[in-house]
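Dock chain B against chain A, hints included.
Protein chains in written order, with the UniProt record's numbering: chain A, 1 to 274; chain B, 1 to 313.
Since the hints were derived computationally from the structure, they do not count as laboratory data.
Errors might be hidden in some of the hints.
[Said to hold, decoys possible] In the SDA-like style, the derived pairs of lysine to any residue whose C-alpha atoms are separated by at most 20 Å in a straight line are:
#	chain 1	residue 1	chain 2	residue 2
1	B	118	A	21
2	A	165	A	180
3	B	153	A	20
4	A	100	B	110
5	B	112	A	262
6	B	110	A	24
7	B	152	A	24
8	A	43	A	62
[Stated by the list, open to error] Covered, in the sense of this in silico footprint (three residues per stretch, anywhere, with C-beta under 8 Å from a C-beta of chain A), are these stretches of chain B:
#	stretch
9	123–133
10	137–149
[Stated by the list, open to error] Here are some of the chain A residues that sit facing chain B, going by a computed Cβ distance under 8 Å:
#	residue
11	28
12	31
13	48
14	51
15	92
16	98
17	111
18	114
19	116
20	124
21	127
Using N, Cα and C, we set each Cβ at its ideal position, and we do this for glycine too.
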Amino acid sequence: MKFVALKRSVLYVFAVGYAVIALFPMLLMVVSSFRPNVEILTKPLSLPTKWSIASFETLFVQLNYASYIKNSVVVSAVTLVLLLLFSIMASYYIARFPFKWNGPLFFYFLIGMMLPLKLGLVPLFMLIKQLNLMNTLWSIILIQIGAGIPMTLLILTGFFRTLPKELEEAARIDGAGDMGMLLRVLAPLMKPAIGTVTIINFIAVWNDFFFPMIFIRDEAKKTIPVGMLKLFSEFTTDWSVLFAGLTMSSLPILIIFFFASRQFMDGITSGAVK
Amino acid sequence: MEQAQHARLKRRKKPLRSQFIHLFPVPAVAVYTLFVVYPIFAAFTYSLFDWNGLVMGKFNNFANFRRLFTQEPFNHTFWNALQHNVFYFITEMIVQNVIAFVLAYIIFRKVKGAQFFKIAYFLPRLLSIIIVGFMWKLILNPNMGVLNIFLKKVGLSSWAHAWLGDPNTALPAVVLVNCWFAIGFFMLILLAGLQAISSEVLEAAKLDGAKGLRLLVSVILPMMFQPLVIVIVMTFIQAFEAFELVFAMQGSQGEPYFSTDLLAVFFYRTAFGGGSGESGSLGIGSAVAVVMFAIIAAISAVFMTYVNRKQAE
Numbered sequence: 001m002k003f004v005a006l007k008r009s010v011l012y013v014f015a016v017g018y019a020v021i022a023l024f025p026m027l028l029m030v031v032s033s034f035r036p037n038v039e040i041l042t043k044p045l046s047l048p049t050k051w052s053i054a055s056f057e058t059l060f061v062q063l064n065y066a067s068y069i070k071n072s073v074v075v076s077a078v079t080l081v082l083l084l085l086f087s088i089m090a091s092y093y094i095a096r097f098p099f100k101w102n103g104p105l106f107f108y109f110l111i112g113m114m115l116p117l118k119l120g121l122v123p124l125f126m127l128i129k130q131l132n133l134m135n136t137l138w139s140i141i142l143i144q145i146g147a148g149i150p151m152t153l154l155i156l157t158g159f160f161r162t163l164p165k166e167l168e169e170a171a172r173i174d175g176a177g178d179m180g181m182l183l184r185v186l187a188p189l190m191k192p193a194i195g196t197v198t199i200i201n202f203i204a205v206w207n208d209f210f211f212p213m214i215f216i217r218d219e220a221k222k223t224i225p226v227g228m229l230k231l232f233s234e235f236t237t238d239w240s241v242l243f244a245g246l247t248m249s250s251l252p253i254l255i256i257f258f259f260a261s262r263q264f265m266d267g268i269t270s271g272a273v274k
Numbered sequence: 001m002e003q004a005q006h007a008r009l010k011r012r013k014k015p016l017r018s019q020f021i022h023l024f025p026v027p028a029v030a031v032y033t034l035f036v037v038y039p040i041f042a043a044f045t046y047s048l049f050d051w052n053g054l055v056m057g058k059f060n061n062f063a064n065f066r067r068l069f070t071q072e073p074f075n076h077t078f079w080n081a082l083q084h085n086v087f088y089f090i091t092e093m094i095v096q097n098v099i100a101f102v103l104a105y106i107i108f109r110k111v112k113g114a115q116f117f118k119i120a121y122f123l124p125r126l127l128s129i130i131i132v133g134f135m136w137k138l139i140l141n142p143n144m145g146v147l148n149i150f151l152k153k154v155g156l157s158s159w160a161h162a163w164l165g166d167p168n169t170a171l172p173a174v175v176l177v178n179c180w181f182a183i184g185f186f187m188l189i190l191l192a193g194l195q196a197i198s199s200e201v202l203e204a205a206k207l208d209g210a211k212g213l214r215l216l217v218s219v220i221l222p223m224m225f226q227p228l229v230i231v232i233v234m235t236f237i238q239a240f241e242a243f244e245l246v247f248a249m250q251g252s253q254g255e256p257y258f259s260t261d262l263l264a265v266f267f268y269r270t271a272f273g274g275g276s277g278e279s280g281s282l283g284i285g286s287a288v289a290v291v292m293f294a295i296i297a298a299i300s301a302v303f304m305t306y307v308n309r310k311q312a313e
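So here's chain A without its partners, still in its complex pose (with noise of 0.2 Å):
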């Protein structure tokens, strides 16, 4: 019996360890943002003596940190919904029908999932350019919809193959045409699913840095991870800017995860399992 505990213990002491190493950096930089830089460079480990906002202050009023945020805001919410019409309408048609082209279909986009368009970059670059979307929000949200694709494919025809079939032809004898099917009928059943790549593909398209950074010069247009390049440049001996900076970047997507951390760990996996 006494055995049995100590083994016990031995795995609190690893759950309880990794969590300290897991959670301790980011408990740093939010308490970090909130006290003046003296402090965090002559005692950086106590708790701060005074809490003050006054590097947020410096990140709206000098930096145009709100203008970063209405670009990620406005970015991914016009990734997600075209996104997840295109794949639905597509993954229906996959799923739904038996056509003979419709495997050879499916494979073309699962293509997309093993190579990483990052290596595509010079010629995505060149087209760009000649579709006159340099410097453009539509650059990297048509890249964002194409690069999500697969994955929501992937996952939706999935789910439209598990729901009965009965339900549609229920549904035809009373006159539903394609789209309406689709919208009235499948969609209100396809919640979890939806749910489920909305979560992937907002994390994938909240987070992206890469493609902003070649596609985005322009100031004013810039999101929040492009963003964050300039202040490590403009302020590198400010740190509690810094760390302002890195704790508003983050905390859209903490709350969030906050009011459905379930589904979000449940979504990110069935995305990577499936």
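Just chain B now, kept in the frame of chain A:
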């Protein structure tokens, strides 16, 4: 024949399906083809031409690849970066996946507060990888960073170190930060695998007297074959396309002295500038991309055929 006729009759009874349905996959196909498939495949073409970024020059018959493999400084940088990617992959395989497995196993054994631990381990994965890089750059700062200050406080001042400034520790530091970022995600995949093992199998094994390490090695691990392969492939792809962390923590040259240079960083620098006499060649940049594609596609294909064969057995 009769069957076909029957099918036709049956179809006629239903309301006619409009040809409109064929438009459904069109938007997805269009965006995906233009912004994903085309760039990936065009990279192959681009790598065969001589170019400066403005106009596509003439076909140069694999000269970009010859230069990449034989001409200074490209060949040297390429091998240097490739070695770093291999190191990145192996270290992640060991550190990230072993820790992820241990944590998944602990949660699988039903510790109290499992939900809290799952959330805690997963949280880092929610941050943007570039934010993670910047954050750790501040923590690892030699003078003002928390890590060194902590080491001095607890009497280990001889351990304090310019982690990111020393060529010997810079790359391991970056890889460990990536492990910190990704462990929670891999833990969830492995946990899903563990939970998929039927409890009957585990009970039977226990009745046969398997427990502890023996249970793990001879019963659980073999049943985890598929999730483990998924984890390996994902670790591999992650290691070979790694870019953001090095860019945030060590810049586009892979400082110090190219000791943290990775293939994707080399690719970015060659194609889009960044000094050092390598930049401005889109042709050579594309050649690097093609070599990376080839490596990733080959390794993934090997793993996937292996999985399929194993599944068919």
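Here's how the hints hold up against the structure:
{"no.": "1", "hint": "118(B) / 21(A)", "verdict": "holds, 13 Å"}
{"no.": "2", "hint": "165(A) / 180(A)", "verdict": "holds, 16 Å"}
{"no.": "3", "hint": "153(B) / 20(A)", "verdict": "holds, 18 Å"}
{"no.": "4", "hint": "100(A) / 110(B)", "verdict": "violated, 48 Å"}
{"no.": "5", "hint": "112(B) / 262(A)", "verdict": "holds, 17 Å"}
{"no.": "6", "hint": "110(B) / 24(A)", "verdict": "violated, 24 Å"}
{"no.": "7", "hint": "152(B) / 24(A)", "verdict": "holds, 18 Å"}
{"no.": "8", "hint": "43(A) / 62(A)", "verdict": "violated, 27 Å"}
{"no.": "9", "hint": "123–133", "verdict": "holds (count 9)"}
{"no.": "10", "hint": "137–149", "verdict": "holds (count 5)"}
{"no.": "11", "hint": "28", "verdict": "holds, 6 Å"}
{"no.": "12", "hint": "31", "verdict": "violated, 11 Å"}
{"no.": "13", "hint": "48", "verdict": "violated, 14 Å"}
{"no.": "14", "hint": "51", "verdict": "violated, 19 Å"}
{"no.": "15", "hint": "92", "verdict": "holds, 6 Å"}
{"no.": "16", "hint": "98", "verdict": "violated, 11 Å"}
{"no.": "17", "hint": "111", "verdict": "holds, 7 Å"}
{"no.": "18", "hint": "114", "verdict": "holds, 5 Å"}
{"no.": "19", "hint": "116", "verdict": "holds, 4 Å"}
{"no.": "20", "hint": "124", "verdict": "holds, 4 Å"}
{"no.": "21", "hint": "127", "verdict": "holds, 7 Å"}
Hints 4, 6, 8, 12, 13, 14 and 16 from the list above are not met by this structure, while the remaining hints are.
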